[in-house]
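Chemist: Chains A and B supply the protein sequences, listed in that same order. Each residue of the first sequence is one higher than the one before, starting from 1 at the first, in the working numbering. Each residue of the second sequence is one higher than the one before, starting from 1001 at the first, in the working numbering.
Hint data in this document are derived by calculation from the structure and do not stem from the laboratory. Wrong hints could be hidden among the right ones.
[As the list claims (entries may be wrong)] Restricting the straight-line Cα-Cα distance to at most 30 Å, the calculated cross-link-like pairs of lysine-lysine (DSBU-like) are:
1. B:Lys1069 to B:Lys1054
2. A:Lys9 to A:Lys57
3. B:Lys1052 to B:Lys1069
4. B:Lys1069 to B:Lys1003
5. B:Lys1003 to A:Lys57
6. B:Lys1110 to A:Lys57
[As the list claims (entries may be wrong)] Pairwise CB distance ranges, derived in the manner of DEER restraints:
7. B:Ala1103 to A:Ser65: 45 to 55 Å
8. B:Tyr1013 to A:Leu83: 38 to 48 Å
9. B:Ser1079 to A:Gly52: 33 to 43 Å
Backbone N, C-alpha and C define an ideal beta-carbon position, used for all residues, glycine too.
So you can see what is in the structure, the chains are spelled out below.
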Amino acid sequence: DSGVTQTPKHLITATGQRVTLRCSPRSGDLSVYWYQQSLDQGLQFLIQYYNGEERAKGNILERFSAQQFPDLHSELNLSSLELGDSALYFCASSATGDYMDEQYFGPGTRLTVT
Amino acid sequence: LAKTTQPISMDSYEGQEVNITCSHNNIATNDYITWYQQFPSQGPRFIIQGYKTKVTNEVASLFIPADRKSSTLSLPRVSLSDTAVYYCLVGEMGYGNKLVFGAGTILRVKS
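Work the whole structure out from these sequences, hints included.
Modeler: Structure representation (structure tokens):
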């Protein structure tokens, strides 16, 4: 158990819909990272927040957005969903904003878009 | 970010030592080398990180030669539960950048 929690565990929705994935970092960690893992693209970094501020951005689509709240939990919002958005979405946390610091990954949310 | 090259897959037997080598020919002076392990349908888990020579922890050793153009992750006496994907990542400590996970090495441990 990494100490990072993600909800929900599974999500099935239809194309065009919007969903919100939630992540609670390990106690004391200030950074949250979001990753998408699909069979054809592998593990892709989406975005990082550090203490409420966006710190780094990766291959995140404009239809996706994220934020980190004052209690440090984070949400990833996915809208206008397409079949290709079906993937495992992981959240990770680390103590500092340094991306090379050990990142602790959550169990993931499996999103299926039908 | 330095590009890394790893074998696509490796097979081993329980109790053997496994060495996975990663090539990173264009590693920069300030880059560190990090290895993560991932089991199916789980998030990656940090294994070890190093800059030069040798680093050892309770689960693995990381060997880095003087020119740092490659590194070897060594797993002593593997068990079936070590079957996983192993990722080698290279990058400079700091902010505003990202971990780039390649395809990794699929390690299959057989009994």
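Chemist: Please work out if lysine 1069 (chain B) and lysine 1054 (chain B) have their alpha carbons no farther apart than 30 Å.
Modeler: Holds. Lysine 1069 (chain B) to lysine 1054 (chain B) sits at ~14 Å (cutoff 30 Å).
Chemist: Is the hinted pair lysine 1052 (chain B) and lysine 1069 (chain B) satisfied, with a Cα-Cα distance of at most 30 Å?
Modeler: holds (10 Å)
Chemist: Given the proposed pairing of lysine 1110 (chain B) with lysine 57 (chain A), does the C-alpha separation stay at or below 30 Å?
Modeler: violated (40 Å)
Chemist: Lysine 9 (chain A) and lysine 57 (chain A): Cα distance at most 30 Å?
Modeler: Holds. Lysine 9 (chain A) to lysine 57 (chain A) sits at ~24 Å (cutoff 30 Å).
Chemist: Compare the distance between the alpha carbons of lysine 1069 (chain B) and lysine 1003 (chain B) with 30 Å, and conclude whether the hinted pair is satisfied.
Modeler: holds (11 Å)
Chemist: Check the following: the C-beta atoms of alanine 1103 (chain B) and serine 65 (chain A) are separated by a distance inside 45 to 55 Å.
Modeler: Check failed, 29 Å falls outside 45 to 55 Å.
Chemist: Between tyrosine 1013 (chain B) and leucine 83 (chain A), does the C-beta distance stay in 38 to 48 Å?
Modeler: Between tyrosine 1013 (chain B) and leucine 83 (chain A), where Cβ atoms are some 41 Å apart, the hint holds.
Chemist: Tell me if the beta carbons of serine 1079 (chain B) and glycine 52 (chain A) are separated by a distance inside 33 to 43 Å.
Modeler: Holds, at about 42 Å.
Chemist: Could you grab the alpha-carbon distance between lysine 1003 (chain B) and lysine 57 (chain A) and see if it respects the 30 Å cut-off?
Modeler: holds (19 Å)
Violation of the numbered hints given earlier is confined to hints 6 and 7; the remaining hints are satisfied by the structure.
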